[in-house]
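Asker: Sequence:
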Amino acid sequence: MDDRLASLHAVGDVDFPLLEGLEVDSVLPSIKYTSLKEIFDKRTCVDKVQSKLQAAMETIRKTLDQYGPCGTAVSFNGGKDCTITLFLYAVALEEYYCLHSTQQVMPIKLLYVSEEHSFPEIEQFVNTFTKILRADLTRVVGGMKVALKKFLDLNQQVKAILMGQRATDPHSDQLKKFDATNNGWPFVMRVHPILDWEYEDVWAAILGLKIPYCSLYSRG
Numbered sequence: 028m029d030d031r032l033a034s035l036h037a038v039g040d041v042d043f044p045l046l047e048g049l050e051v052d053s054v055l056p057s058i059k060y061t062s063l064k065e066i067f068d069k070r071t072c073v074d075k076v077q078s079k080l081q082a083a084m085e086t087i088r089k090t091l092d093q094y095g096p097c098g099t100a101v102s103f104n105g106g107k108d109c110t111i112t113l114f115l116y117a118v119a120l121e122e123y124y125c126l127h128s129t130q131q132v133m134p135i136k137l138l139y140v141s142e143e144h145s146f147p148e149i150e151q152f153v154n155t156f157t158k159i160l161r162a163d164l165t166r167v168v169g170g171m172k173v174a175l176k177k178f179l180d181l182n183q184q185v186k187a188i189l190m191g192q193r194a195t196d197p198h199s200d201q202l203k204k205f206d207a208t209n210n211g212w213p214f215v216m217r218v219h220p221i222l223d224w225e226y227e228d229v230w231a232a233i234l235g236l237k238i239p240y241c242s243l244y245s246r247g
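When you line the sequence shown up against our numbering, it's residues 28 to 247, in that order.
Any given hint might turn out to be false.
As the list claims (entries may be wrong) - Each computed PhoX-like pair below joins lysine-lysine, with the alpha-carbon atoms no more than 25 Å apart: (1) K158 with K204; (2) K107 with K89; (3) K203 with K107; (4) K237 with K203; (5) K186 with K172; (6) K176 with K237; (7) K79 with K107; (8) K172 with K75; (9) K186 with K237; (10) K177 with K204; (11) K107 with K158; (12) K75 with K186; (13) K89 with K79; (14) K79 with K237.
As the list claims (entries may be wrong) - Derived CB-CB ranges, DEER-like: (15) E150 with K177: 13 to 23 Å; (16) E225 with F205: 19 to 29 Å; (17) Y226 with S141: 37 to 47 Å.
Think of the hints as simulated: they come from the structure by calculation, not from any bench.
Quick reminder that beta carbons are idealized off the backbone N, C-alpha and C, glycines included.
Build the full structure now, drawing on both the sequences and the hints.
Answerer: Listed below in structure tokens is the structure:
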């Protein structure tokens, strides 16, 4: 793992560079425009991934325009790919509420498909990052297909779910940015904002934007 990771505080110490200089109350669901959006705007000097960041944001904006916050959720398991996806969604959601100020602010809906015996560092990161964003986390132990059905049964308004998959992941090379489920899966529109990102792009964004990440990554 890149030595630069040591210069950031991984969650485990529960220290958040992302929130440096911010009051906790300025983070979602409070809709002050000078919070996540301001941080994102100030730190998009990560030139290497600038175009990919903006393209991912545009995909998320399209999702919110079509399905709204109540109809959109995020699949989040604490991995680096879904961490950047969730962060970008939080930025886009804050922007959305500023443009639609009459709408009631709703917590971010998260689906966490976990293993029965997950690493404690993963559990800590998922729980802490969820608390920071004041998100509504549904944790389901088991496979994705069963978990998705349970989640959609509990959240019947959800019609789209953001995923952190990339085209270089196993069995993902045929995916599209907007790709509905099929073959007997519970119906939902899967959205892949970072589908065309490379491994290096993910870390460039996380490090450049100083996004918190699971402490396991610091151990190689």
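Asker: Taking the hints in turn, state whether each one holds.
Answerer: Here's how the hints hold up against the structure:
| no. | hint | in the structure |
| --- | --- | --- |
| 1 | K158 with K204 | violated (28 Å) |
| 2 | K107 with K89 | holds (23 Å) |
| 3 | K203 with K107 | holds (20 Å) |
| 4 | K237 with K203 | violated (28 Å) |
| 5 | K186 with K172 | holds (15 Å) |
| 6 | K176 with K237 | violated (34 Å) |
| 7 | K79 with K107 | holds (16 Å) |
| 8 | K172 with K75 | violated (36 Å) |
| 9 | K186 with K237 | violated (31 Å) |
| 10 | K177 with K204 | holds (24 Å) |
| 11 | K107 with K158 | holds (18 Å) |
| 12 | K75 with K186 | violated (33 Å) |
| 13 | K89 with K79 | holds (15 Å) |
| 14 | K79 with K237 | holds (17 Å) |
| 15 | E150 with K177: 13 to 23 Å | holds (19 Å) |
| 16 | E225 with F205: 19 to 29 Å | holds (21 Å) |
| 17 | Y226 with S141: 37 to 47 Å | violated (23 Å) |
Figure legend: structure checked against the earlier numbered hints; hints not met, in rising order: 1, 4, 6, 8, 9, 12 and 17.
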